[in-house]
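Residue numbers (my numbering), protein chains in the order written: chain A, 1 to 251; chain B, 1 to 312.
Each hint should be verified, as a subset may be incorrect.
To be verified - Computed list of lysine-lysine pairs in DSSO-like fashion (alpha-carbon distance at most 27 Å, straight line):
id, chain 1, residue 1, chain 2, residue 2
1, B, K248, B, K99
2, A, K141, B, K295
3, A, K113, B, K273
4, B, K98, B, K273
5, B, K170, B, K273
6, A, K113, B, K308
7, B, K220, A, K115
8, A, K191, A, K235
9, B, K98, B, K248
Everything labelled a hint here was simulated from the structure, so no lab data went into it.
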Amino acid sequence: MLAIKNLHVCIQDEKEQVKSILHGVDLTIHPGEVHAIMGPNGSGKSTFANVLAGRDQFQVTDGNVLFNDNDLLALQPEERAALGVFLAFQYPIEIPGVNNMYFLRTALNSLRKIKNLPPLDAMDFLALVKTKMREVQMDEKFLHRAVNEGFSGGEKKRNEVLQMLLLEPQLCILDETDSGLDVDALQAIAKGVNSLRDGKRSFIVVTHYQRLLDYIVPDVVHIMAKGKIIKSGDKSLALEIEEKGYGWLDS
Amino acid sequence: MTRLVFIDNIFSETDSDIRDLPSNIVFSHEPSSLRLEIPRNYALATPIDCLYIQKNLTTMQHSIEIILQENSELMITDEHQGNTNPYTASLQLNIIAKKNAKLHYHKIQNEAENAEHYATTTIQQAQDSLVNMHLFSCGAASAKMITTAKLLEKGAKCFLHGIYWLNADKQLQDHQLHIDHLAPYSESGMLFKGILNKKSRATFHGKVHVQQNAQHIQAKQANHHLLLSPQAEADSKPELEIYADDVKCTHGATTGQLDEEALFYLCSRGLDKQTATTLLTQAFATDVFNAIQNKHIASRMQSLFAEKMAVL
Numbered sequence: 001m002l003a004i005k006n007l008h009v010c011i012q013d014e015k016e017q018v019k020s021i022l023h024g025v026d027l028t029i030h031p032g033e034v035h036a037i038m039g040p041n042g043s044g045k046s047t048f049a050n051v052l053a054g055r056d057q058f059q060v061t062d063g064n065v066l067f068n069d070n071d072l073l074a075l076q077p078e079e080r081a082a083l084g085v086f087l088a089f090q091y092p093i094e095i096p097g098v099n100n101m102y103f104l105r106t107a108l109n110s111l112r113k114i115k116n117l118p119p120l121d122a123m124d125f126l127a128l129v130k131t132k133m134r135e136v137q138m139d140e141k142f143l144h145r146a147v148n149e150g151f152s153g154g155e156k157k158r159n160e161v162l163q164m165l166l167l168e169p170q171l172c173i174l175d176e177t178d179s180g181l182d183v184d185a186l187q188a189i190a191k192g193v194n195s196l197r198d199g200k201r202s203f204i205v206v207t208h209y210q211r212l213l214d215y216i217v218p219d220v221v222h223i224m225a226k227g228k229i230i231k232s233g234d235k236s237l238a239l240e241i242e243e244k245g246y247g248w249l250d251s
Numbered sequence: 001m002t003r004l005v006f007i008d009n010i011f012s013e014t015d016s017d018i019r020d021l022p023s024n025i026v027f028s029h030e031p032s033s034l035r036l037e038i039p040r041n042y043a044l045a046t047p048i049d050c051l052y053i054q055k056n057l058t059t060m061q062h063s064i065e066i067i068l069q070e071n072s073e074l075m076i077t078d079e080h081q082g083n084t085n086p087y088t089a090s091l092q093l094n095i096i097a098k099k100n101a102k103l104h105y106h107k108i109q110n111e112a113e114n115a116e117h118y119a120t121t122t123i124q125q126a127q128d129s130l131v132n133m134h135l136f137s138c139g140a141a142s143a144k145m146i147t148t149a150k151l152l153e154k155g156a157k158c159f160l161h162g163i164y165w166l167n168a169d170k171q172l173q174d175h176q177l178h179i180d181h182l183a184p185y186s187e188s189g190m191l192f193k194g195i196l197n198k199k200s201r202a203t204f205h206g207k208v209h210v211q212q213n214a215q216h217i218q219a220k221q222a223n224h225h226l227l228l229s230p231q232a233e234a235d236s237k238p239e240l241e242i243y244a245d246d247v248k249c250t251h252g253a254t255t256g257q258l259d260e261e262a263l264f265y266l267c268s269r270g271l272d273k274q275t276a277t278t279l280l281t282q283a284f285a286t287d288v289f290n291a292i293q294n295k296h297i298a299s300r301m302q303s304l305f306a307e308k309m310a311v312l
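Let's have the full structure, built from the sequences with the hints guiding it.
Here it is as structure tokens:
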């Protein structure tokens, strides 16, 4: 499904200095797999997640990414979304003045249009979104607010997973979706994610902590450090990290 | 709903509908002028809709007088359109709101794209009167609107709101607003937002003047510009001139572009760039439209805005 080869990424900072962030990431994900990416702060995990979604502040200097035989890096963010790539943001942005329900319906209908499906009208959409909101235990009042505006950290993350449930992507990338969440919110979000696991859909779960992986059990765990994947293993690798930290991997 | 239609400056009996206009309202028209007077203690329940259409005239001058007697209330919409190119429309609007009167005035400037639109509005307000003005200005190659409000007696309240949308090279809009607080306990607000695309240019000059005896007044003033093109240019001059010492006044102005992060967020959910841009641009204008009390008129302005945005 996803084949990443030798991915090099850099960013230009405010002083126009080029800083290399990823230097040579290789990763292959098959349909239905859940891959966790762990690593210390500043190791490039979030950059990796954002590059896959198409954020243009990052420059890909080398390597390629094939997603179901499409050259992902050549596509605009909306084209990637249309193919089924979804990023649950670490810090979902607040968009004052854009009604959340209107946004969710526009997003779903944009993707339906590309798939040659008729748009959902307001009534059908409302019924659908209410069902999905119950799955992530999100209050319906958040439909009537502006996108993420004044939402708590937990509510923002629930809103991300709600979008994921509505849009039903093929590849779900969760960028530290667990950070700042209490146990209840964590469980609700994990439940939402797990409900999407159908043996075909794949997941990349970026996290600092083993805790999330108790709920979303990964098939493969990768450790990223200094812009590279330095070790991969099964879920026991996450437990090992939890116990020993990242220091031992350097040696 | 009462509908008054002027075609080429002449009242059109066939297009207008005045069956619902109560007989106690003074309504008179001549070529190039309109006068409305609402009697004491009378609140007109349904809005009056005025439409000015230019068909063949190349120069149009029109004056409107709206007088609200004590304790009366009126809601009115002015819309300006045209289908000949080019022409000049000049409007003089005089508003007098007597004690405790309430006016909700809406204006849609949707002139033809090669037209010129000049409007001068004067507002005079007596004790405890309220004037709410809502402008949506999207047409004309060149538009200049000067609005002057005098809060003559205590407790008078005046709120001026506007959205201006420019989407053509060399298009020009100039908005000049002046609110004069001449009495204590008066209150005013100015909220004007401009959205500029292509090589267009807008200027805003807002002035709030607080006279020495106008104590305990409140005045808020804000002007914000959203530039959708690097070639668009906006100039803003928000001004406060205060001679009283017990006042609450704020003013501010910003000019910016669309938030790249928000655009990326929307696109990453499958919205194409244009849809995302439209959504964020409409969001920028939302609070100004939300300030319109009559939801029917608000949605009419918003639909027109959406229609104009569709050719972005």
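Now the hints, each set against the structure:
Between K248/B and K99/B the alpha-carbon distance is near 24 Å, which keeps this suggested pair within the 27 Å criterion. Our distance criterion of 27 Å between C-alpha atoms is met by K141/A and K295/B, whose separation comes to about 22 Å. Only pairs whose Cα atoms come within 27 Å are accepted, and K113/A paired with K273/B is accepted, the gap being roughly 15 Å. Between K98/B and K273/B, the direct Cα distance comes to roughly 50 Å. Violation of the 27 Å bound is thereby established for this hinted pair.
A hinted pair counts as satisfied when its Cα atoms are at most 27 Å apart, and K170/B with K273/B qualifies at roughly 25 Å. A threshold of 27 Å between alpha carbons decides the hint, and for K113/A with K308/B the separation of about 23 Å falls inside it, so the pair holds. Between K220/B and K115/A the alpha-carbon distance is near 49 Å, which puts this suggested pair outside the 27 Å criterion. Our distance criterion of 27 Å between C-alpha atoms is met by K191/A and K235/A, whose separation comes to about 19 Å.
As the CA atoms of K98/B and K248/B are separated by approximately 25 Å, the hinted pair is consistent with the 27 Å bound.
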